[in-house]
Structure formats: structure tokens, C-alpha cells
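Undergrad: The opening residue of the sequence shown carries number 0 in numbering that gives the first Met the number 0; numbering runs sequentially from there.
Derived by calculation from the structure, the hints in this document are not laboratory data. For every residue, glycine included, the Cβ atom is placed at its ideal position computed from N, Cα and C. Any given hint might turn out to be false.
Label-pair restraints from in silico Cβ distances [as the list claims (entries may be wrong)]:
id: 1; residue 1: A228; residue 2: T205; range: 26 to 32 Å
id: 2; residue 1: R91; residue 2: G67; range: 33 to 39 Å
id: 3; residue 1: V243; residue 2: Q53; range: 19 to 25 Å
Below, computed lysine-lysine pairings styled on DSSO-like, alpha-carbon distance capped at 27 Å [to be verified]:
id: 4; residue 1: K100; residue 2: K176
id: 5; residue 1: K100; residue 2: K229
id: 6; residue 1: K176; residue 2: K162
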Amino acid sequence: MAASRAIQCTVSTRSDIWATGYYTGVLTERRGIDAFFPGPYLSYYTLPTPEEVQNAFDMIDEIIEEEGPFDGVIGFSQGSALASSYILNDLRSGRPCNPFKCAIFFNATVPWDLRSPPFHVSEDGSCRMADTNEPMVNFDVNEMVPERGGCNGYTGPVSYEAKYLHRYGSPYANSEKAQITIPTLHIVGANDDYLSQSLQVRDLCTMQGRRFLQHRGGHEIPSDRMSSAKVVSEIQSMLQQVLVG
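All chains, please: the whole structure from these sequences, using the hints.
TA: Quick look at the structure:
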């Protein structure tokens, strides 16, 4: 993996644990991924429901308990969404310390808020709160549930019976003040269809210790020599800051 090769260039002694998803999905055409990787494409959850996101959190808890502690976490696309969701949920739980010292997000999509009140989606695109059946207004269902528009090939087809979680930043999520406080590195593609989501994830992190790098590619980890060198340099600088001071 390109991500693995980039990390291997940064430190001489380390131990990496790679957590893959449980589910196999069909990748819809998304710039960058299918040109480099033929699949199968694994997902940490088929749909962003409370049960499946909690199961993914439990997987991370088990890895930390069995293999930790860890200096940092790295994720690509949905992996970044899961990592940032986990960190934000952990911070809001009031635990005494962060599970990671830093985080690296490649082409991140916006994380899901496990503490948000879930909602249902109807076939006509209208939404209602799952617990109260209250209609939701000024709500972009295609942004919050991209599966409905067929633009997210990592998950299953939209279910009109499922309870969905809100993304951080949703007016219904009650998470306006939630922020990641550990040092973060955000690596994004200028031609990524999900660039706006990557920028939202960046803004969920405190400015102090936050790093940002944009390459010319799409929804991919850059592989050209110049971009790879910049990625390695940024990772080295952040690790120097976090591990050495």
C-alpha cells in the first residue's frame, strides 16, 4: 500500500498494525481508487447505523487493548472518518487521556456522531427523527447519506428501514463544540470529489498542531515522487513534534 510505503520512509524502528474492514462492497466510479487498486474494497460498516459504527469502535478498542498503546493512527477515506469519529467520541466520553498522540488523515470524509439522535430516510428523500418521528427540515439527505445517490461505493445500498447517524456538523448532531485536540495531518487531493468533506474534517481539529497538505490528485494517496516526498516530510515533522518535542 502507498500509505504503508510512506510511513516506512519516516521512522527506522516501529510497529504498525493495519485494521481492515469487515465488509466487501462494490466500488462505484470514483476518481483515483479503481485506477490503482482492483479490489476487493473493504468497509468498516455497510451503512452508518449506530450498531455498525459501535461495532467498528469496539474493533478499535480491542486492537488498542491487545496491541497498544499507539503513538498515532492513520486512515484513508472511510478509515479517516472512522478514526476521527472514534477520537471525537472518546474525547466526549470524558476519558482521562487520548488513545493516540497524533492522527494522519488521507482524503478524509466527515465522521459520524455516535451520540447523535438517529433518523430515518424515506424513498422521496424526506427524513424524520427515528425516536420522535419528527420531520427534519433544511437537511440535505444526499450529503448526509451519500449511499442514496450512489456516490459511495464502500457501503451497502441505502435502507429505508435503517436508523442513520448524523455527521459531525449536522444541525441535529448537538456536537458543535466537538474538536480533535491532538496534532493532526490532513492530506487531501485538489481534484477529490470529497475535498469539501476533507476540509470539514480539518476544521474539526484545533489549529494548534494542525498540518495541511494538498496534492494535485483525486481520491487517492499520492504516488508521484514530489508529492510523496512532501507527505514523508510532513509526517516526519509531526512525529518529531509528537515523539521528541
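Undergrad: Each hint should be assessed against the structure and marked as holding or not.
TA: Verification of the hints:
no. : hint                    : result
1   : A228 - T205: 26 to 32 Å : holds, 27 Å
2   : R91 - G67: 33 to 39 Å   : violated, 20 Å
3   : V243 - Q53: 19 to 25 Å  : violated, 36 Å
4   : K100 - K176             : holds, 21 Å
5   : K100 - K229             : holds, 21 Å
6   : K176 - K162             : holds, 24 Å
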